[in-house]
Each structure stands twice: as structure tokens, then as C-alpha cells.
Amino acid sequence: MKRSVFLGTLAGAALLAGYASAATLDDVKARGVLNCGVNTGLTGFGAPDATGNYTGFDVAICKAVAAAVLGDASKVKYTPTTGETRFTALASGEVDMLARNSTWTYSRDNDLKLDFVAVNYYDGQGFMVKKDLGVASAKELDGATVCIQTGTTTELNLADFFKENNITYTPVTVADDAEAQRQYVAGACDAFTTDASGLAATRATLPDAENHIILPEIISKEPLGPVVRHGDNNWGDIVRWTFYALVAAEEMGITSANVEEVAGSTQNPEVKRLLGLEGDLGAMMGLDKDWGKRAIAASGNYGEIFAANIGESTPIGLARGLNALWTQGGLQYAPPFR
Amino acid sequence: MTESSIAFARTEMLPQQEPPLSERGIVKWLHENLFSGWMNSILTLLGLLSVFLIVKRALPWLLYGVWDANSLAECREAVAAMAGPDAHGACWAMIRERWHQFLFGFYPMDQYWRPVLAFALMIVALAPVLYYGLRRINMLMVGIVGVLMVLALIGVGTDAAHLLVAVGVFAAIFAVAAAAPTKLVWVTILFPAVGFFLLWGGSVWGPIGALAGFAIFGAVWSLLQKKLGVVVAAGVGLVVAAMWWLVVQTKVTTVLHEFLPAGLPSVDSDQFGGFLLAFVIGVTAIAASLPLGILLALGRRSDMLLVKTLSVGFIEFIRGVPLITMLFVASLLLQYFLPPQTNFDLILRVIILVTLFASAYIAEVIRGGLAALPRGQYEAADALGLDYWQAQRLIIMPQALKISIPGIVSSFIGLFKDTTLVALVGLADPLQGITKIVRADINWKGIYWEPLIFVGVIFFIVCFSMSRYSMYLERKLKRDHR
Numbered sequence: 001m002k003r004s005v006f007l008g009t010l011a012g013a014a015l016l017a018g019y020a021s022a023a024t025l026d027d028v029k030a031r032g033v034l035n036c037g038v039n040t041g042l043t044g045f046g047a048p049d050a051t052g053n054y055t056g057f058d059v060a061i062c063k064a065v066a067a068a069v070l071g072d073a074s075k076v077k078y079t080p081t082t083g084e085t086r087f088t089a090l091a092s093g094e095v096d097m098l099a100r101n102s103t104w105t106y107s108r109d110n111d112l113k114l115d116f117v118a119v120n121y122y123d124g125q126g127f128m129v130k131k132d133l134g135v136a137s138a139k140e141l142d143g144a145t146v147c148i149q150t151g152t153t154t155e156l157n158l159a160d161f162f163k164e165n166n167i168t169y170t171p172v173t174v175a176d177d178a179e180a181q182r183q184y185v186a187g188a189c190d191a192f193t194t195d196a197s198g199l200a201a202t203r204a205t206l207p208d209a210e211n212h213i214i215l216p217e218i219i220s221k222e223p224l225g226p227v228v229r230h231g232d233n234n235w236g237d238i239v240r241w242t243f244y245a246l247v248a249a250e251e252m253g254i255t256s257a258n259v260e261e262v263a264g265s266t267q268n269p270e271v272k273r274l275l276g277l278e279g280d281l282g283a284m285m286g287l288d289k290d291w292g293k294r295a296i297a298a299s300g301n302y303g304e305i306f307a308a309n310i311g312e313s314t315p316i317g318l319a320r321g322l323n324a325l326w327t328q329g330g331l332q333y334a335p336p337f338r
Numbered sequence: 001m002t003e004s005s006i007a008f009a010r011t012e013m014l015p016q017q018e019p020p021l022s023e024r025g026i027v028k029w030l031h032e033n034l035f036s037g038w039m040n041s042i043l044t045l046l047g048l049l050s051v052f053l054i055v056k057r058a059l060p061w062l063l064y065g066v067w068d069a070n071s072l073a074e075c076r077e078a079v080a081a082m083a084g085p086d087a088h089g090a091c092w093a094m095i096r097e098r099w100h101q102f103l104f105g106f107y108p109m110d111q112y113w114r115p116v117l118a119f120a121l122m123i124v125a126l127a128p129v130l131y132y133g134l135r136r137i138n139m140l141m142v143g144i145v146g147v148l149m150v151l152a153l154i155g156v157g158t159d160a161a162h163l164l165v166a167v168g169v170f171a172a173i174f175a176v177a178a179a180a181p182t183k184l185v186w187v188t189i190l191f192p193a194v195g196f197f198l199l200w201g202g203s204v205w206g207p208i209g210a211l212a213g214f215a216i217f218g219a220v221w222s223l224l225q226k227k228l229g230v231v232v233a234a235g236v237g238l239v240v241a242a243m244w245w246l247v248v249q250t251k252v253t254t255v256l257h258e259f260l261p262a263g264l265p266s267v268d269s270d271q272f273g274g275f276l277l278a279f280v281i282g283v284t285a286i287a288a289s290l291p292l293g294i295l296l297a298l299g300r301r302s303d304m305l306l307v308k309t310l311s312v313g314f315i316e317f318i319r320g321v322p323l324i325t326m327l328f329v330a331s332l333l334l335q336y337f338l339p340p341q342t343n344f345d346l347i348l349r350v351i352i353l354v355t356l357f358a359s360a361y362i363a364e365v366i367r368g369g370l371a372a373l374p375r376g377q378y379e380a381a382d383a384l385g386l387d388y389w390q391a392q393r394l395i396i397m398p399q400a401l402k403i404s405i406p407g408i409v410s411s412f413i414g415l416f417k418d419t420t421l422v423a424l425v426g427l428a429d430p431l432q433g434i435t436k437i438v439r440a441d442i443n444w445k446g447i448y449w450e451p452l453i454f455v456g457v458i459f460f461i462v463c464f465s466m467s468r469y470s471m472y473l474e475r476k477l478k479r480d481h482r
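Respectively, the protein sequence lines represent chains F and U. Just so we're aligned: the first sequence equals residues 1 to 338 in this note's numbering. Just so we're aligned: the second sequence equals residues 1 to 482 in this note's numbering.
Only chain F is shown next, with the shape it has when bound in the complex (with noise of 0.2 Å):
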């Protein structure tokens, strides 16, 4: 009852705000930063390096729809929302977009009125387990005790795991990721299961990295990706098609090193269109025709930047799997640019 009507006012709240600035595009012009919500800290996906300059996953969007918006892929204004913050930073208007490994699920996408413009990183939850301790698979995990983050839908997932394959477990809560990883390592839980991509960033960095595995179930769908407020449809077309311009140029082999050599050679009407040599695809979202160009030219294609951050030549090392493009057996697909 008190959540319901918690999520009802911030939903009206959010319908009155998003009325009062529906063109959150004039804003962004009008105001020359965008304002991007991200991840207080979170490895290779977003966080301020020891100078102070965001690097990450999910900031490479901001700064492209920022590139592709207003020309500059520095103007942006980085706000760091914490999980708790994030939705009403978005619906309050403090921000213009979310760019913050937020699961997209049902009632987020309708009771919050949010909409998720695109999938940029699929993501599920996994478990990892030390070596030594036999287990092979997830359904072997009986009597085990686990270290996982409270309040998390992670928790919700793993009871339902547990209970589906009717097997026992001990929850160790903890209250963020590094203590859980504190806690596994000390030998305080025998498996400590987060997202997968977490997973790989914390097994990176352990002292002896194979003696712990990630077992091979994933139990949960995680499908993260950048968040726009409800109602300002074309603002959220501007986000999706950018991110879908990076996802594009991966498939027709653009980068951001060979953008302007692709423009000035190519044949290909698809790619003349992405790129703004041919048709006005641009001004149908009340951009200029450039916008593709300058959104890849930010910080590279969509396999530059997972290679960049987080693929398999950084100390993460996360494979492409199921973000590898539709046509390496993954699940990133651009729609046509037409």
C-alpha cells in the first residue's frame, strides 16, 4: 500500500514534470551541457578516473548523444546517482537521460513512467565459487551460504533460483559490492553471486583469479541500458537512434578512426544515410545531418567501446557473449537506418 502510493505521487509528479519541460531537446540546446545521470562508481561501466574525467560503458553514451545533440561530446554534465536516486533524479528533470546499468523491467518502464530507449548491455546473474569447493554448476550450490546484496532484485532472483530447484541456502548480506568481496574472500560465504559483468570485474582483481570460477547459469535477465523520462518521445528517439548509430556503424564496419575516410569513399546508401551525405535523417529528429558522424567520431562504435572498457583487453576482460551483434550469434541489432 505505502509503496503503491509512494510510486503513484512520484509518477504524477513525474507526468507534471515531464509536461512542464516536455522538449527536453530545446532545453539540451538551449542550455549547451547535457545533463547524463551516472553510476556513483562502477568498474569499467562509469566512474570518474584519478583526474576526474568520467571513462566508462555507459558514459561513452552520454558523450556520444552529447557529440550527436550538441556537437561536443564534452559537454556533459555528469550528475552520479546512487540506486536509490536515479529514477527521481530522471523524473524530476535534474537530469536529461540516465546512462546507469538500470535493469529494464515492467514496472519500471510503466508504474515509474520511464522509458528504456535500448539495451546496451545484456547482463544476468551469476555465481562465482572457489575452486577447491567442486561445484560445477549452480544446482549443486545446496546448503551452501552465499554472500549477496541486500535490497537488490539480485536477492529476490537467487530465492527464486533456490526454490525452484528445491535446494537450501544461507544468505551472508552485505552492503555493497566490495565488502561482499571482501566477505568471499575471507571465506565468510562459499559463493557470492552478483551480475555477471560484476562477477568478471571482481574475479579480475583477486590475488589468485584461478582459483575462483563463474559457474556457467545465469539466473536472471539483466537487460541494462540508457533511461529517458516518459513523454518526450522525441528525446528518447534521440538517445535510442543514437545508441543504435553506434550499433549500426559496428555492423557496417565504421569507427571512429575511419569515419571520415568511410564518408568520403563509400557507396553504401545505408551508410551514407547514417553519416548525413544522403537523405535528412537527422532533421527528422531536430538534429543537423552530422549527428551519426559525430556520435561514432565521440568514442567509437559500439565494439570499440566495449573493447575499450570492459571486452576482453581490458583487466575485466568480459567477452562479447551476448552483446556481440546479431550476426556473431549475439543479441545487438540496430534497426534499419532508412
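These are calculated hints, taken from the structure and not from any lab test. Keep in mind the model is a prediction, meaning the values are calculated, not measured. Backbone N, C-alpha and C fix where the C-beta goes; we use that ideal spot for every residue, glycine too. Keep in mind that the hints are not guaranteed to be accurate.
Computed, partial: chain F to chain U, Cβ under 10 Å [to be verified]: (1) A50; (2) N53; (3) R86; (4) E94; (5) Y169; (6) Q181; (7) R182; (8) V185.
Assemble chain U onto chain F, guided by the hints.
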């Protein structure tokens, strides 16, 4: 009576003998303090055992601390090379690489001299409050703070020009302290504007305009207070000053800025973080909550029904709500009530609500002080023919505040530590915010105790100094000598 020839008693004193072994020195101390009974002996042994176990675990970790590395993995290699593969060692290299973020957040590196100078000026601004008009101690304090500031400025890599500016400012203040120590109070009065200007930068005319508003308020108040009374005059002054701030000020300062553009590069509040953020929130809220708290405490004891009800309602409401709720209100709800696209800074919102929160607690502490004053003091003030405000200013408040010092200082310490809660609304506080950022770097992911110890030590130093200072103040004001 004649002296007997038989000495039945000694005629001279025996030389004093040493007390027996069990009644002196270390043995006596041990016996009295640690082994006075079997229960205490067991507790002592248990205590010693736990201290030993902690030291046994922590000492090697501290001894094998690594300062020179670029990632946690390198730290581990260095420890392994030093003490074998199973040893653990602290990785202080993280502090060496990220200390500036713990202290200043994302403040532009070439501008670090500004927060350092502001911090030094803040301590000097405290001097007149502590040692009003005392030449020697004021000079000493300004001198010491000045030297420390120069060291800190060199430490953060300040260029020569700004170092000279800072030294010049301190030389001027030192001269004032030597020539006319009572005039140092102007440093205190001007500090809020100077501190704001140093930290946020921008045009110099903004803070000057804001100060001018206070000057207008003061002028109106002193003109009218004889005729209209203290409260009404203050109200009228406030209205006039508000009109200046809201309507006139920006126009005047814009013109002045065009005429004489002067200022510092402006820094957005979202670049504030670490201890800079904790101090900005803590010090502002502490400074602003004391006067508010005094007014609320007086309001709560007032005979006027409306004032009393409002004060009681405010205090009880604020005290009944956790600080985290206030922070969420600042971060989330306020944004809904304000017109869209108003850029009302999150840090400012947080400061306002933390101030309100602190003032309710301070009000109750001061009310305790007021209640502790004997009735005779109030009656004596009345008998002297003083009006309400004169009585408060000359008789009641000096005594009530003296009594309240321990409570006020402990509220302040609590408030300063509570500033770490702002991490929950996404601000980069030193304990959680910056630590999380550091841990999000793949090079330092998995580091656990080092940032907590570093931040904890700094918090301890600050809070311990505050508490020692309050004890010193108590002694100086001799509050038990009534």
C-alpha cells in the same frame, strides 16, 4: 617537669623508609588497577590477549605497507617479494595516487590553493571568537596557521604567484593582529563572503553584492530599532535587504563586472568532493545553525503562543525525522516543488536542510542551558530595567551558552561526521563516495581497509581537536564557577 634520663621514646624521628614492595611503584599500580581481584585479573588477561591478537594480525600488515605501486596487483607483488607469498600488506600506494580526491574531490588541480587558503582563513576567522583582542595569542595563531598554510600550499603544488597572494593576505592579517587585534573581528565577519568567493570563484562582485545586502540590513536595523523595536526593525531590514538581493543586486553587480571585471575561474559545486565537501557542508551548517538554534530556543521559551507553537512544531518535527530523510528531501522532493529548469544546486539544498536539522538539535541544547539558569538571573535582569533583548544579550545568553558548550560541541562533532551521509544522495563524501570511486578503478578494485583507515584518521584528528578545544573553552570560561 624535667626530662627523664630514661629514654622511653625516641627523641628524633626515624628516617622515612621506603614503602614495602607491594605498596609502591609499578607493582602497586598493577595490583590496584589491573589485578585487584580474580574477576579483574581475568578481564585484564583477556584484554591483553585480545590486544595481542589484534596487534599480531595488524602489525605485519602495517609493516609491509607498500607506498610505491600503480595498482593493487603491483602492491601484492611487492608484498610477496618483501615477505613471502602468504604475507599481507597495506597498499598505501592508493592513497599516494588518490589523496587529492579524498581531500578535494574533483576540484580543478591547478586551483587547489583556493580551498587551502579558505581553510586557513577559516581558522584565522575563528581566532577573534576564541581570543578576542589578545594580541600575543592572535599573532601566534595567525603566524602558525600562515606557516602551515604555506607548507600545505607547496604540498599541493601551488604556483609562485598564488603562493605570494596567499602569503600577502596572511602578512596583512598578521599586521592587523599586531597593530589592532580587536579589528581581527572583520576577518570573521567577511569570511563567509571571502570563503564563498575563494571556493566557487566567479565574479568578485557577487559576494560583494551579497555583503552589501547585509550592510543594508544592518543600516536599516540600527536606524529603526530605537523607534520600532528590535524585532520589527529586524523584519523591515530583512525585507529591504531581500529586495536588494532579489531585485537590485544582480543588475548592479553585472554593471560593475562589466566596468571592472575581476574574479577567479568559477568552479561548479559538482566538482566538490572529499573532505572539502565535508568541511563546506559541516562548517556552513554549524555556523548557520547556531544563531538559528538560539532563536528557536528562545522561541520555544517565549510567552507568545504563535512563536512558541511554531518553534515547538519545527523542533519536534525536525528531531522526529532522520537526517537521511532530510537528505532525500533535499535531493529528490525539492526538485519537484521548484519550477522546472531552476538550477538549484544539490550541495546548496543539502546545506540548507542539514542546517535546519542541526539547528533543531542546537535549539534543544541551548534550551537546556536556559533551563539550567536560576530564576534569579531573569528576575535580576528585569529588576535592572533591561528589556527582553538586552537581558538576553547581557545576562542570559552568556551564561546559558557557557553551560551549553559541551552539548553544542558534541552536536557539532556529530554533525561533521553526519556529513558522510550525503553519499546516499550521490555526493562524493570522503568515506563512501570517494572510496567507491577509487574502488571502481580496476587498478584499485578489491582494496578495503586502506581508504577507511585514511579517512578515519583524518576524521579522528578533526573531531578530537574539536573536543579538546571545547574542554579548553570550558576551563577558560570556568563554567562550574558560578
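Cross-check of the supplied hints:
1. A50: With Cβ-Cβ at 6 Å, under 10 Å, it holds.
2. N53: OK, holds: N53 (chain F) within 10 Å of chain U, min 9 Å.
3. R86: Since chain U brings a Cβ to about 8 Å from R86 (chain F), closer than 10 Å, the hint holds.
4. E94: holds (5 Å)
5. Y169: Hint on Y169 (chain F): violated, closest Cβ of chain U at ~24 Å, above 10 Å.
6. Q181: holds (6 Å)
7. R182: Given a least distance of 5 Å, the restraint on R182 (chain F) holds.
8. V185: Since chain U brings a Cβ to about 8 Å from V185 (chain F), closer than 10 Å, the hint holds.
In summary, the structure is inconsistent with hint 5 from the numbered list given earlier, while agreeing with all the others.
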